[in-house]
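Just so you know, the protein sequences line up as chains A and B, in that order.
Counting with my numbering, you get residues 1 to 668 for the letters of the first sequence.
Counting with my numbering, you get residues 669 to 1137 for the letters of the second sequence.
I should point out that these hints are in silico values taken from the structure, not numbers from a laboratory.
These numbers come from a predicted model, not from an experiment.
Any given hint might turn out to be false.
[As the list claims (entries may be wrong)] Label-pair distances were calculated between CB atoms; the ranges are:
hint: 1; chain 1: A; residue 1: 85; chain 2: B; residue 2: 950; range: 32 to 42 Å
hint: 2; chain 1: A; residue 1: 632; chain 2: B; residue 2: 930; range: 30 to 40 Å
hint: 3; chain 1: B; residue 1: 947; chain 2: A; residue 2: 67; range: 52 to 62 Å
hint: 4; chain 1: B; residue 1: 1037; chain 2: A; residue 2: 424; range: 18 to 28 Å
hint: 5; chain 1: B; residue 1: 866; chain 2: A; residue 2: 460; range: 50 to 60 Å
[Stated by the list, open to error] Simulated pairs of lysine-lysine, BS3-like, Cα-Cα distance not exceeding 30 Å:
hint: 6; chain 1: B; residue 1: 1019; chain 2: A; residue 2: 369
hint: 7; chain 1: A; residue 1: 430; chain 2: A; residue 2: 369
hint: 8; chain 1: A; residue 1: 72; chain 2: A; residue 2: 147
hint: 9; chain 1: A; residue 1: 147; chain 2: A; residue 2: 130
hint: 10; chain 1: A; residue 1: 365; chain 2: B; residue 2: 1019
hint: 11; chain 1: A; residue 1: 34; chain 2: A; residue 2: 2
hint: 12; chain 1: B; residue 1: 1019; chain 2: A; residue 2: 430
hint: 13; chain 1: B; residue 1: 698; chain 2: B; residue 2: 1019
hint: 14; chain 1: B; residue 1: 1019; chain 2: A; residue 2: 358
hint: 15; chain 1: B; residue 1: 1038; chain 2: A; residue 2: 430
hint: 16; chain 1: A; residue 1: 265; chain 2: A; residue 2: 358
hint: 17; chain 1: A; residue 1: 147; chain 2: A; residue 2: 126
hint: 18; chain 1: A; residue 1: 72; chain 2: A; residue 2: 34
hint: 19; chain 1: B; residue 1: 1038; chain 2: B; residue 2: 1019
hint: 20; chain 1: A; residue 1: 358; chain 2: A; residue 2: 369
Each residue gets a CB set at the ideal place from its N, CA and C atoms; glycine is no exception.
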Amino acid sequence: MKQPLLQLANLSARIGTGPRAIRPVDDVSFTINKGETFALLGESGCGKSMTALSILRLLPQPHGRISGGQVKLEGTDLTALPEVEMRQVRGRRIAMIFQEPMTSLNPVLTVGDQIGEMLQQHLQMKGTAKLNRVLELLDAVGIPDVKRRYTEYPHQLSGGMKQRVMIAIALAGEPDLLIADEPTTALDVTIQAQVLELLQQLQRDTHMAILLITHDLGIVAGMADRVAVMYAGQLVEEASRDCFFTDARHPYSLRLFESLPNVDKRDHALKTIPGFVPVLDRDFSGCRFAERCEQAWDTCRTQAPSWDITTDHHHVRCHLADRNITPPARTARDDTPLAHATPGTGTGASLLEVRDLKVHFPIHKGVFKRVVGQVYAVDGVSLEIPEGHTQALVGESGCGKTTVGKGILQLLRPTAGSVQFDNTELTQLKGERLRRRRTDFQFIFQDPYSSMNPRMRVGDIVEEGMIAQDIGNSSQQRRQRVDELFVQVGLSPENAHRYPHEFSGGQRQRICIARALAVNPRLIICDEPTSALDISVQAQILNLLKQLQNELGLSYLFITHNLSVVSYLADRVAVMYLGRIVEEGPVASVLEEPLHPYTRVLLSAVPQIDQDTRREIIRLEGDMPSPANPPGGCHFHPRCPDAMPGCRERYPGETGTADHRVHCFLHQ
Amino acid sequence: MIMPVILWTDALIFLLVAIVTGFALYARGKPHLRAPWHHVMCSRLGSMAVVILCAYIIIGLLDSLHYRPAIENSDASAETHYAVEVLSVLDVLVGPLRTRTEKTYSAPFATQLFSRETVQHPDGSQTRKYPRLEYGGRHLENPAADARADILQRSGIALTQTLAAGLAVLLLITLWQARRRQLAFMASLRDILARRTAVPWLIILITLSVLLLLTFLAINLATAYHVLGTDKVGEDVFYQTLKSIRTGLVIGTLTTLIMLPFAIFMGILAGYARGWIDDLIQYLYTTLNSIPGILLIAAAILMLQVYMANHPDAFETTLERADIRLLFLCIILGITSWTGLCRLLRGESLKLREAEYIQAATAFGVRHSKIISRHILPNVMHIVLITVVLDFSGLVLAEAVLSYVGVGVDPTMNSWGNMINSARLEMAREPVVWWSLLAAFLFMFTLVLAANLFSDAVRDAFDPRLRQR
Ligand SMILES: Nc1ncnc2c1ncn2[C@@H]1O[C@H](COP(=O)(O)OP(=O)(O)OP(=O)(O)O)[C@@H](O)[C@H]1O
Ligand code: SF4
Ligand code: SF4
Ligand SMILES: [Mg+2]
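Put together the whole structure using the sequences plus the hints.
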């Protein structure tokens, strides 16, 4: 049998000392063969990144260390190598790219220098040989105009470009194994598609193996040869991709599939995984998933399941898969989804009407702060949200989605246009009258942590809005209401005395929702409320939002870049590009029969789990232009696969039906 | 009978103490406020610095309780008169140090004067010799032969006392820890000695023992000798340095207390309001910054001197005069030093203003005043604290420099600056009189070093960027 490239044997790592040390990696074994893509999947806090760092012996110092097991790279045990030799391995044999391209590049060195440095260190290249190789590498990762980019600094590059440069640096040492830790999480779908394609192509050319760490099942389906699911520091399932997607056995894996939102689950509550990943600072007596597992029985709590081989190359760490243990006969699994009314059951009377909204930011330059130009962040957006409905707003980062939300709420004063809320013109409201009116519309931010003052108790945070709006007469009444709200969003009222950092991401987002509900709003603008959360937590939040809509008749403006969330939650969707809406219509028709080329590109770029429905990815050239200097004519023409000569001339007007509007000359 | 005297600076010091105590009580129930302080105490250098600073602060506070003693009056019915001289509790505690003045210079531990004098003998003959000191080593029959043994013996006593006191402290700490952590006494003791406790009690204990040793040495020796010599008019230098502690602390803390409200208010306002208010405040502090600080201070102090010369009866005692000048110095130093903090706070508020939780508060229609007091202020406090602690040692040093230049505290006031200033002439003498300078240097150095170590620990504990690990 040929030797595997990398072999982890019972690897364990510890952070800290004493009995309360964290054990982020506990007895992990897997192998990666040459030229193979191995995906490591799991929620945050399960130890995926720590596994990768242990392989490279880069655990956080001074407290982290490998406490057992071996990492064999073609037979050599890396854990036993002296540090000097380990440095030869890092970058040369195994390279790593990180999630945040922004922070992993040195801001004061040019791109060329940073790649050159690696070449010099690992391949002892110098002079023109080095220069040529750098240019070659930049070219290989698909960076246009390499001669110019060579001398640029990281801040002059967009996020996607930076990630490409990171990949170029990683490739410089011609590694046998590339560890990619969530390489595309910080990127937009279209850019993500580009980067993933690049990785695949590089793998074909160089035959390197990839350890791909991700939480996105879609990416796994598109990229991986083999898949391992990690939970609470251990692998719980490992299988080939096809086997995993057709025959996943572990209850945790199954639940991950079930919590993904999509069109078919629209009328039901999503399945969620209750509870959280346990803190890894203790010994476990039984199955680590038992607390959250629907199928757990007594044996699960007392006896740890072993890393059994069910069939060839399919490992499952669950008693259900163990033939020697018979599970108790189960009462029929409770499969009936929570009854959920179909969305969009409001009265249908228009609640919010946005006409031609514009928000421009002046660009100041020089000592006298002269205005030298404008960022056209939002440039003529019209929307209408009826009572009790959900309008989604999708688009790439930087296209102005958040600015639309803030412009509507008057957190940013619009440059032009009108915002009618229940027949009041908000743009004209000022001072005290606007302050009073704020009780009707609320905002939920993307990052629940940064939207709460870290020095206030969450109870006070929720109460703050009520005090400002004089809701509840006495502090006792308000406290009671806070308790009710906590219950409503599924948290115990005792939590009110704790501080934000003591909660998990999903809990924090629940608190933010409770805070918004505290002032009895009729419209809530949700700015990517789930994009910082894990899949299973996202499902909980989506369920909560849907349930609240049914109970209270709320309207949502749901800002997101996740199209599967849109298909699950929204009634209508608007697609935004560079400050303008390019297509708007009911979810079904926009997502099924997109009219605008940009919508089609977006849809094609979403990684699909289902192999059959996977679409041909329409490759989008380049990055989104700057909103300070939008291209003339149709804003999309420099990147549009269907561009016609006329598209350069002027901006296409609104066409289509009243129900499904689009701005594109293809449909004039 | 005594008459308490509350000087301006005393009042402000007690205000400061009240604020700090109030904050400490408030912070007790708030884990997020308590945590960074715990962190400071857990760092080795930090806890050491805290112990040393506490010693200084205790001396400074004792020296801030002022009173005027009644003049002995044979006629009991007559109304009591009070001495013009204002004393402090410290003066009482150190007792004879204040009153036992020699004729002129004498070296540390000397039993005779530093310079030869012509002595008239009863028989009319004159000799030039080093006369014996009036107080230093008075108890000795034969100073030249016995002094050394006497000093050693007294040091030995001090050492024993220190050992006893140190053991007592260890016992107390261990008992307290054992009760708090519900451990057996021996287990707790072992933890402390093996440095297994979060707070490095062993380090604290060692520092404390060193301080105790110094105290006992002072108690045993300073009563019989001038341990740091005497100055030109025969005053005990050790006493002077002790009295200088208060001056240094006052300058270091009151200056901050005075400038803090301005800096915080203006800085946050500029950052939060932006627009023309921001421009105005920026203009203000840039202008102030571009005037050389020393000029401003010199001008202000000279003006005050002229005013005092013209209104001699406005002040009852010399100490009150000196005190007003000290306060004035604090104010003027405060005016020249608030700009740095103001600028920092403006930057931070500009950033915070865009923070999502501030936006969230705005979206709820929370009033601006509330946003500032509940959201911005608590989140810039760490910057304020770090700056205050960092500034402290700078201000103590500034006092020394200013007094040296002649625009510092009143010449009659004990301060390290004045001691250094007088050392200018002493160093020019032959042989050199070095002890005033050394004493001032030692005390100031220890304080500044401790303050710097403390500020490092505070910065580590409070700066969120350094805390991320
Ligand atoms: N205060 C500001 N001053 C200048 N430009 C700004 C400001 N706020 C946003 N912009 C610019 O406006 C454009 C739209 O930003 P916005 O935050 O609305 O994008 P977004 O679609 O929400 O992106 P993401 O998906 O990353 O959240 C961006 O180019 C951004 O740089
Ligand atoms: S072992 Fe038991 S608790 Fe663990 S996953 Fe399997 S069924 Fe669930
Ligand atoms: S108008 Fe032209 S460039 Fe714009 S999206 Fe339509 S086809 Fe493409
Ligand atoms: Mg955004």
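To see whether the hints hold, each was checked on the structure:
1. 85/A x 950/B: 32 to 42 Å: Cβ of residue 85/A to Cβ of residue 950/B: about 56 Å, so the range 32 to 42 Å is violated.
2. 632/A x 930/B: 30 to 40 Å: Since residue 632/A and residue 930/B have Cβ atoms about 52 Å apart, the given range 30 to 40 Å is violated.
3. 947/B x 67/A: 52 to 62 Å: Given about 59 Å between the Cβ atoms, the range holds.
4. 1037/B x 424/A: 18 to 28 Å: 26 Å, holds
5. 866/B x 460/A: 50 to 60 Å: 29 Å, violated
6. 1019/B x 369/A: 19 Å, holds
7. 430/A x 369/A: Roughly 27 Å between the alpha carbons, so the hint for residue 430/A and residue 369/A holds.
8. 72/A x 147/A: Roughly 40 Å between the alpha carbons, so the hint for residue 72/A and residue 147/A is violated.
9. 147/A x 130/A: 14 Å, holds
10. 365/A x 1019/B: Status holds; Cα separation ~20 Å.
11. 34/A x 2/A: Roughly 10 Å between the alpha carbons, so the hint for residue 34/A and residue 2/A holds.
12. 1019/B x 430/A: 24 Å, holds
13. 698/B x 1019/B: Since the Cα atoms of residue 698/B and residue 1019/B sit roughly 25 Å apart, the hinted pair holds (cutoff 30 Å).
14. 1019/B x 358/A: 25 Å, holds
15. 1038/B x 430/A: Distance ~18 Å between residue 1038/B and residue 430/A Cα, so the pair holds.
16. 265/A x 358/A: Violated: residue 265/A and residue 358/A sit about 36 Å apart, past 30 Å.
17. 147/A x 126/A: With Cα atoms ~18 Å apart, residue 147/A and residue 126/A stay inside 30 Å; holds.
18. 72/A x 34/A: Holds, because 13 Å separates the two Cα atoms, which is no more than 30 Å.
19. 1038/B x 1019/B: At roughly 18 Å apart (the allowed maximum being 30 Å), residue 1019/B and residue 1038/B satisfy the hint.
20. 358/A x 369/A: With a Cα-Cα distance of about 23 Å, the restraint between residue 358/A and residue 369/A holds, given a limit of 30 Å.
Going through the hint list in order, the structure does not satisfy hints 1, 2, 5, 8 and 16.
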